[in-house]
Structures are given as structure tokens and as C-alpha cells.
Amino acid sequence: MGSEEQAMKKLIGDTAAVVTDALVGMEAALPQLRVDHENRVVLRATPKDAGKVALVSGGGSGHEPLHGGYVGYGMLDAACAGEVFTSPTPDQVLAATSAVDRGAGVLHIVKNYTGDVMNFEMAAELAEAEVASVLVHDDVAVEDSLYTAGRRGVGLTVLLEKIVGAAAEEGAPLDEVVRIAEAVSAQGRSMGMALTSCTVPAAGKPTFDLPDDEMEIGIGIHGEPGRRRVKVAPAPEIAEMLVDPILHDFDAAGGPVIAMLNGMGGSPLLELYLMYGEVAKLLEKAGVRVARTLVGDYITSLDMAGCSLTLLRADDEMLRLWDAPVETPGLRWGR
Amino acid sequence: MGSEEQAMKKLIGDTAAVVTDALVGMEAALPQLRVDHENRVVLRATPKDAGKVALVSGGGSGHEPLHGGYVGYGMLDAACAGEVFTSPTPDQVLAATSAVDRGAGVLHIVKNYTGDVMNFEMAAELAEAEVASVLVHDDVAVEDSLYTAGRRGVGLTVLLEKIVGAAAEEGAPLDEVVRIAEAVSAQGRSMGMALTSCTVPAAGKPTFDLPDDEMEIGIGIHGEPGRRRVKVAPAPEIAEMLVDPILHDFDAAGGPVIAMLNGMGGSPLLELYLMYGEVAKLLEKAGVRVARTLVGDYITSLDMAGCSLTLLRADDEMLRLWDAPVETPGLRWGR
Amino acid sequence: MAFDIAALGRWVALFRDRVSDEQERLTALDSAIGDADHGANMARGTAAAVAKLESATPTTVGEFGKAVGMALVSTVGGASGPLYGTFFLRFGASGGDGAELDGPALAAALRAGLEGVVSRGKAEPGDKTMIDAMTPAVDAFEAGASDLVSAARSAARAARAGSDATEPLVARKGRASYLGERSAGHLDPGSVSTALLFEALAAAAEEVSA
Amino acid sequence: MAFDIAALGRWVALFRDRVSDEQERLTALDSAIGDADHGANMARGTAAAVAKLESATPTTVGEFGKAVGMALVSTVGGASGPLYGTFFLRFGASGGDGAELDGPALAAALRAGLEGVVSRGKAEPGDKTMIDAMTPAVDAFEAGASDLVSAARSAARAARAGSDATEPLVARKGRASYLGERSAGHLDPGSVSTALLFEALAAAAEEVSA
Ligand SMILES: Nc1ncnc2c1ncn2[C@@H]1O[C@H](COP(=O)(O)OP(=O)(O)O)[C@@H](O)[C@H]1O
Ligand SMILES: Nc1ncnc2c1ncn2[C@@H]1O[C@H](COP(=O)(O)OP(=O)(O)O)[C@@H](O)[C@H]1O
Ligand SMILES: [Mg+2]
Ligand SMILES: [Mg+2]
Ligand SMILES: [Mg+2]
Ligand SMILES: [Mg+2]
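These protein sequences, in sequence, are chains A, B, C and D.
Each position in the first sequence, counted from 1, maps to that position plus 1387 in my numbering.
Each position in the second sequence, counted from 1, maps to that position plus 1387 in my numbering.
Each position in the third sequence, counted from 1, maps to that position plus 402 in my numbering.
Each position in the fourth sequence, counted from 1, maps to that position plus 402 in my numbering.
Keep in mind that a hint or two might mislead.
[What the hints assert, rightly or not] Partner residues are not named here, just some residues of chain C that face chain B (Cβ under 10 Å, in silico):
id: 1; residue: ALA430
id: 2; residue: ALA434
id: 3; residue: ALA438
id: 4; residue: ASP439
id: 5; residue: THR477
id: 6; residue: GLY487
id: 7; residue: VAL520
id: 8; residue: TYR580
[Claimed, not checked] Derived DSSO-like pairs: lysine-lysine, alpha-carbon spacing no greater than 27 Å straight-line:
id: 9; chain 1: A; residue 1: LYS1396; chain 2: B; residue 2: LYS1592
id: 10; chain 1: B; residue 1: LYS1668; chain 2: A; residue 2: LYS1672
id: 11; chain 1: B; residue 1: LYS1592; chain 2: A; residue 2: LYS1592
id: 12; chain 1: A; residue 1: LYS1592; chain 2: A; residue 2: LYS1618
id: 13; chain 1: A; residue 1: LYS1592; chain 2: A; residue 2: LYS1396
id: 14; chain 1: A; residue 1: LYS1396; chain 2: B; residue 2: LYS1668
id: 15; chain 1: B; residue 1: LYS1618; chain 2: A; residue 2: LYS1396
id: 16; chain 1: B; residue 1: LYS1592; chain 2: A; residue 2: LYS1618
id: 17; chain 1: B; residue 1: LYS1618; chain 2: B; residue 2: LYS1668
id: 18; chain 1: D; residue 1: LYS524; chain 2: D; residue 2: LYS468
id: 19; chain 1: A; residue 1: LYS1592; chain 2: B; residue 2: LYS1396
id: 20; chain 1: B; residue 1: LYS1592; chain 2: B; residue 2: LYS1618
id: 21; chain 1: A; residue 1: LYS1592; chain 2: A; residue 2: LYS1672
id: 22; chain 1: A; residue 1: LYS1668; chain 2: B; residue 2: LYS1396
id: 23; chain 1: A; residue 1: LYS1672; chain 2: A; residue 2: LYS1618
id: 24; chain 1: B; residue 1: LYS1396; chain 2: B; residue 2: LYS1672
id: 25; chain 1: C; residue 1: LYS524; chain 2: C; residue 2: LYS468
id: 26; chain 1: B; residue 1: LYS1672; chain 2: A; residue 2: LYS1618
id: 27; chain 1: B; residue 1: LYS1672; chain 2: A; residue 2: LYS1592
id: 28; chain 1: B; residue 1: LYS1668; chain 2: B; residue 2: LYS1592
[To be verified] The calculated label-pair distances, taken between Cβ atoms and stated as ranges, are:
id: 29; chain 1: B; residue 1: ALA1437; chain 2: C; residue 2: ALA453; range: 54 to 64 Å
id: 30; chain 1: C; residue 1: GLU526; chain 2: B; residue 2: ARG1615; range: 18 to 28 Å
id: 31; chain 1: A; residue 1: ASP1562; chain 2: D; residue 2: GLY587; range: 32 to 42 Å
Derived from the structure by calculation, the hints contain no laboratory data.
In this text, a Cβ means the ideal position worked out from N, Cα and C, and glycines have one as well.
Go ahead and model the full structure; you've got the sequences and the hints to work with.
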């Protein structure tokens, strides 16, 4: 280890082996999971029953508990762990797809990043199993345009993996699973902000410099700068900067929503609860009825301080699937 | 808000109202909880059955999910939220104790800090309910001496609240509950380390300065410096600095242990898994058999980067109570 | 000359002012060897005590002590809440139903307060706590109790000297004890707030005599 | 003069060397408008490609392209893995069973590679991607394909100029597009690694001709 890595404030050994080493610890800590270390794929120790649709997701590492922490009953069957903030390779996705196929087809859940899309696409082209895929692109900070890469996939991924995972666990056939996945993808929106940057182990220093009195609005989940930089503001104002763009983008009043106030990794839970309190006030004022809530670190950017808000307009079917039992390291209820 | 608070990298409004505001958000997010805002006590929305022993804990805020996040079926009945890193007052503890007493007595779970001990003591003196209390003092970084304040209560608190909570939920009488609590308290040890300090909102800047290439070994959970400051080291060496003092303090080989690799709030889950992998190797080498594992942020110091290790020598009864259903925001399984 | 209820109230108000002026310093000291909250704790508590005195309008020393002590106990938390709270509760109990305290009575009340702190916290002199400022302060006050102003002034000097003397000590009580040898080289924050308490007493005595 | 398998191998090795020298710069560029991994991605991928060529010992251009392309696809991930991987897979397919490439054949293989990148990534010139360096480079190579060395040199110059020209652009593809207007004022990192690819080609051509 060079002197530069020595000085990094991280619980790591060899910077080049962070993901590999973390998967070793994950497998040791979680007997319900199995890790294909060669391909860096996290799998259920006990595969689901034959004849059920399997769910594969994955992406760059550094977003934990996403995706490996959502492998288990009622959610994913496999998660491919790329390098930090780098999408997995087609080999990994292919290995995951073959490992979990139970004869009823495999759904790829792909966050909309050029790299993720292309790597999953190449794997799907090579797979023997019947593969369908759904794209998550919920980030309202990004312009929704045909001429660009389109919106990023962020917080909605967690909600989608839960709801679609429940449908697959119930035995819904592939076309049903795809229909529900598309519906969730269409009905969810997110917006995020950062108080600090984060440090990618291989880079060894924060991705961007942020003065003590400024913050970034409209960030993704890769430690990248946001759409604009503004002065640090108190929580009620930050809540507006998250809620307003989402409600501007779609009409959430009326029907019930599932709300997730997600921490980016470096903000204490105390602050996340406080933020949710501010968000809840604004949603109530706007006539949005929150039926289910998650507050905590569910899809992170390493040690970035900040948070994101995701709202999903949920119909009865989605709410029922949301409430269905789930048993993963990151999300668990009902068993 | 003054310009100083403006510049703090925190999701807060009024620095003096952080705990109050967070409790508002917590109640909004978690319908299964009820908050007595005047006394800042987190309660179950549905109290447990009459005739069962109730568990009250509490302490300074800033350790979330501890303690409020452990209120619920199979764990605590009430948690008193003090100011950040400041123990609650006797009034709060008294209000909690009266609120949850179901006629079978109340157990106070107190972390061994002068302030916590005195405030809980004053409340117990004033309470009408039958009150017993158990002291958690598991931190091997602190000398165990009759002439000092003794060891701090840290990570073991989480394990104790879970195990003792299960016993109370099963209907064990107060003396039984106390016996189990004492047994857990006697059989657990912890050791912690920090890569960074943390920022108390009211202080507005990090509690201590830590150069880029140094870390603190033997920290508690209040952002305080540790027993010694050393050069930043790679994860395998850090693992030794946590495991060795614990195994030196008591003999963990032979029987099964429950292991918790806890994040202090600012370290990504990726790193915590990686650290657990290193710890697991050392434990295996030392002949320690790990029967159950927790890896994640369970008892934190706001945004401090770092981790702690807790080992509990668990007999069959403790393992059975550990596996019993629990339904709290911070720990949930079996229902 | 004696301290009546108004003068006792001035003492608490002046204590609040000093704590508020020194809040950042108290927190900085507590950052070095504690948990960075002593300034906020004492500011919150003394403000609540002043407010409580305004609303409760005590007429006896006993009521005064109860108002201040309960306000501190109920709002501070931490170690200093029960300790300063107990100090004032016992102070009040010593003064009882009287409406004022002359020199010897004030000395007795301060002694009772100190004993309350010792029995609640079980610290001994030299453990690097507020006791190290409070003990010499009460001793000094007793020695000169016949002249209120000069007794209070020498108590304030003794408290400050006792506080200064905590710097080289290795803490055996309170949070600083967790640091072991590293606690040496820093003032104990609670001893500094105790110095403020006695400096406020001296200032109040000067006002009374003026 | 022509590029045989050994010369193609030198090209990849020289590309690896340049990427490794410039790794931090590539990451710094990606930090500004991406996610701070382009340096690490390309260093990992090109090292794997060189290792693969050593173990696979290809004997045809097709085998060469497959070895390099698959190594990149399998080890890089991200956007650049499939893109550079596709570039070499199509490059190899164009060269086919031949054991070397003369100027025009090399031009055709480069063109095939570029077309692969375009069809995989669907970016257009001006979107602020590696396409903006690769397109002018391939054009320049074709224009001078009769003299390998000077064609490669002018391709390298064109790639670098194309990369430099990405600075003022607002990105429409890749991660930088999420920044909107804020992406202007920074070089596209992928275009810089493409400039390195063509500079390595020119250096390899000089070695071949020496
Ligand atoms: N056992 C004790 N007896 C007397 N004073 C004590 C004792 N423990 C702590 N103190 C005093 O309390 C001060 C700390 O108060 P404060 O910071 O408000 O509470 P906490 O330590 O709970 O954060 C210490 O500086 C010390 O003077
Ligand atoms: N659709 C695309 N077509 C061509 N090149 C692209 C496209 N999207 C991104 N790129 C290139 O990929 C580069 C980023 O590569 P890299 O950082 O390794 O992957 P990622 O963006 O997944 O982190 C960009 O600088 C750009 O040149
Ligand atoms: Mg990337
Ligand atoms: Mg405190
Ligand atoms: Mg303190
Ligand atoms: Mg990148």
C-alpha cells in the first residue's frame, strides 16, 4: 500500500481489491447469501423454486445496501457488483443470469446509465435464458429528452426491486412481471442533494470540492456534482428543493404514494428523520397522501452527506406487493 | 439561524431544536411508534400486554438508530431522547417509566456514563412503578477500576436490548428479566475506533481535529477522542486493534458468540462488510465460533467515520432469545 | 448584610450571563476531554433556571433552591444536570423557610450544596471534576463568612485556582476518565463552570453591598 | 510496410503505457463531469488486454481483436468497456483471418471499429464523447492511408484536436449529460483516452517503420 492510500480515511486494505474484499465479508456475515467470487455475483444461498421468474440487478459498487443487500426472498435473485461506481461487465451479468434462471425467464433491472445499459444489453444478447429488462430512470434533476442519455436511475430502483420481487416470488409469469416493473418505472420520481462529495477509494480524494457554505442540488448516486450549486440552507428549504421539482414533474396528489427519504451514506439517521419531517409537512400541504414510508440509507454514494427523496404513485396492486414478506439484509418484514 | 450554523454540513433547521425536529419526522415516518413530544419519549403505538415487564432505555441523541429505533415488539417499550450526546433528564425517564408500566415492573437499561447513571437513578428514586436497572459497561478500551467511573456502555447495549426485550415479551417476570440482563452485561465486550471526529450541531465544528494520516483507537460513542492516536492503517491491522483487546480481556473461544461489526455513522456499508471479513478471519484463527452476526450502523456517533466490534458470549438461552421475533425500525425479523 | 431572594436571583442571573459569555469556551474544553456539550448544557440549564425563578417567584430560600435545582435537573441532563441540580436543591434545603441568608447561613448552604454534589457524584478532590473547584471555594467562603463580599471574592479566587489546578491531573471520574493519561494537560470543563458560579456569587455580593 | 500481429500487440502495449501514465489525469477529468473512474477503468482494461494477448497468442487480426475486445469488455465495465471492447471486436472482424494489415486494411479496420462504437453507443459527433476524437482520427487515417506512419501521425493529431474541441461542448451522451450546461468547460475524458489510443498507434507505426 502506497503512502497515499495510507492516508485515506477508509476501512480498506488494497484499494484495487475493495469490492472483492467487501464481498468476502458480506458472505461471512450473511449465511443466507452465497457469493460467486470469480464473477462477483451475490446470490441467494437457497435459490427460489423452479418455474418462477428470477430477478437480476447490479451496477457499480458503493451504493450499499443496493444491490447485494436486496438479494433474498421477495426481492432479487442475484446482484452483480461492479467496481466502485462502474457498471458490471457482461460476463458478470451473464453468470448471474445463468445461475438464477429457473426456467421461467429472467428480468434484468437496469438503472439508466450508458454503461449499465450497454453491459446488460451485451449480456442479454449472449444469454440462453429468456431475458427481459426494465430501465429505471426516475431522476427529475435530469432533463427527459430523446436526444440525450435521458434520466438517471436512482432511488426508485429500491422500490421497484421490492415490488417486482414480490410479484416474481408469488409466481407471476415474465410478461406480468415486466408489466408491473414498467408500471413502477413509469410512476416513480426522485430528486437528490449533497452537502459533501464522496471519496472513491481508487481516486483517493473527494470527487469534487465543495466549499464549506455550499451544497449541490440535483445529484445522482455516483458522487458527481449536481445540476446546480447553491448556498447551504436549513432543512425546510432543502425539503422544498426536493419536493417541488418532483411535484412539478408529475401529479402526486390524490392517490397514495410510497415515499422514501434516502440518506446518501454520510448523513446521520437523526438528520434523515428531521428531513423527513420537513418533507412530510410539504407533502401534506400539497395534498399528497403518503401510504408507506422508508427513511434511511437505502441507495448511497459511499460517504457522501446528503439525501434524496423518491415518490412512487402506488396503486392497490403495488401497495399489496410492497407489503408482501421480504427477507433481505437491506429490507425485511413479514418473515 | 446565524451564518455559522448556515455553513454547517447538516440537514437541520434550528440547531437548538434538532432533537425535537427529528422526533417529529420519526413519528411521521413510523406509524408503529408514538412520540411524547413534551418529554421527548418514543413509545410503541400499541403498548404491550398488561402483566409484562416493560423496558425503558435512553441516552443522548446522536446514536441513531439507538435508542428510539429499538422501540417495538420484542425490544424496548420506551426510549428517552436526550440532547445530542447528553443523557436525558430524570423527568423524561420518569415520564417514560410511568407511561409503559404494565404492572409487572420496569427495567431501566442504562449505559455506564456518570450523567446517564445519575439521571436514571434520580428517576428511579421518584418512580411509583417497581424499577430495576441494568448497567451496560462493555468497552474494553477503558480500564475496569473501582476508583474510576469504570467502563463505558457501548455496542453491547443493542444486543442486550434485543435479548432482554425478547424475554420480557415472552412474559418473564422482573427478576428473570434482570437475571438475563445481568448475564448479557457480564458476557459482552466491545472495542471501537474512529477515522474522523464528528460534528455536534450545537458545537458547529468537529469535536476534535484528526490529521489526515491519523486515527483514534479506543473511542466511545460521543465523538470523544480515544485512548490513543495512531497512524492510519489498512483494514487487516485495524481488525487486530479491535479483536486483540477483546480477546485479551476475556476468553471467547469455545462457546458461540454473537458478533456485531458496527459502523459509527460515517463509514459506508461497503467498508463495514470489508472490515467484518477481516475480523472474521481473526476470530476464526483464534478459535472463536460466531453463531450470529450483525454488520451495519446500529449505535453511532453522528457522522463519525469508523467502527466498533462487539462480542457476546451467548448461551443457548441468549441465542434463542436473539432469534425470537423482533419488530422495530432498527432491527426486525420473524414478523 | 445578607442575601435575600432577589440577591439570590441576581446570583443565578449573573451565573447565566457568564455561562452564556463563556459557552463556546466550555464546549471547547469539553471537546478536548469530553463530549463537546458542557457549554450548551449549562447555557440551556441556567437560562431555564432564570426563567423558572421569574415564573415561580419563590419567597423562601428553600423555594429558591427547589426552583433552580429542579430547573437544572429537568433541562440539563448529562452529568452536570443532576450535580448542579443537587447543589441547588441541597442549598435550598439548608436555607429552609428563611427569606434571606447572612454570611454563616450562606456558608452552611454552600457546604450543604457541595456535600450533595459529592454524595451524588462520588468524586473525590483530585479526580479532576467540579469538586476540585467547589471544595476550595466553599472552604474559603467559610473561612471569611463574616464579611459576605470578601468571603465571596475569596471563594471565587479559590474556585478559579482549584479549576486551574485540574489541568495537570489525570481524570478518574466523568467522561474524561475514559481518556486515561490523555486527560492530563486540559482543564476540567465542570470546574470552569464552577469557577463561574462563584465569580457570579462574588458579583452578586458586590451588588448587594453597593 | 504493414502492421503484423506483433505490431498490433505493441500498439495495445503502448496504449496501456500511456493510459497508465495519464491515469490520474483521466480520473481528474472524469471527476469534473463524470464519476471519477475513467482512469482506473482504462488502466484495468488495458492491462488486462496486454495480459490476454500474452496468454492467448493470437495469430490473426481477428483473433487479436477478439482477445483485446473481450478483455476490455470483461474487465472494464462502465461505458468505456463495451465501447472500446466493441471497437476492437469490430476491428478484428474487419481484419479477419489475415496475419497483418497494410495501410488501407488498417484504415478499414479502424473505420469498422468506429462504426461499432457508434452503433453501440448511439452518440453523434458533437455529443461530447469519445466519438468526437475517434471520428476525425479515422477520417484522417483514411485520407493518408498509403503512408502508414504519416497516416497514423495525422490520425493522432486529429484525435487530439477532436478531444480538445470537446471542451466547450454541452454533453448530450454519457454521464456528463446529467450536468447539463455545467458540463461545458471541461474535456470529455473518453475523448482524451481515444487521443491516447491514436497516439499509441502512431508510436507503434514509428516502431514498425524503424
Ligand atoms: N462523578 C462526578 N462528580 C462530580 N463532577 C463530575 C462527575 N462526573 C462529571 N463531573 C463534572 O461534570 C462535567 C461534565 O459535564 P457535562 O459535559 O455537562 O456532562 P457530560 O459529561 O454528561 O457530557 C465534568 O467536567 C466534571 O466537572
Ligand atoms: N453513448 C456514448 N457513446 C460514445 N461514448 C460514450 C457514450 N457514453 C459515454 N461515452 C464515453 O465514455 C466515457 C466515460 O467512460 P467511463 O468513465 O469509463 O465510464 P462511465 O461513464 O460508465 O463511468 C465518456 O467520457 C465518453 O467519452
Ligand atoms: Mg463509472
Ligand atoms: Mg454529554
Ligand atoms: Mg459533556
Ligand atoms: Mg466514469
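Q) So which of those numbered hints doesn't the model satisfy? A) 7, 10, 21, 24, 26, 27, 28, 29 and 31
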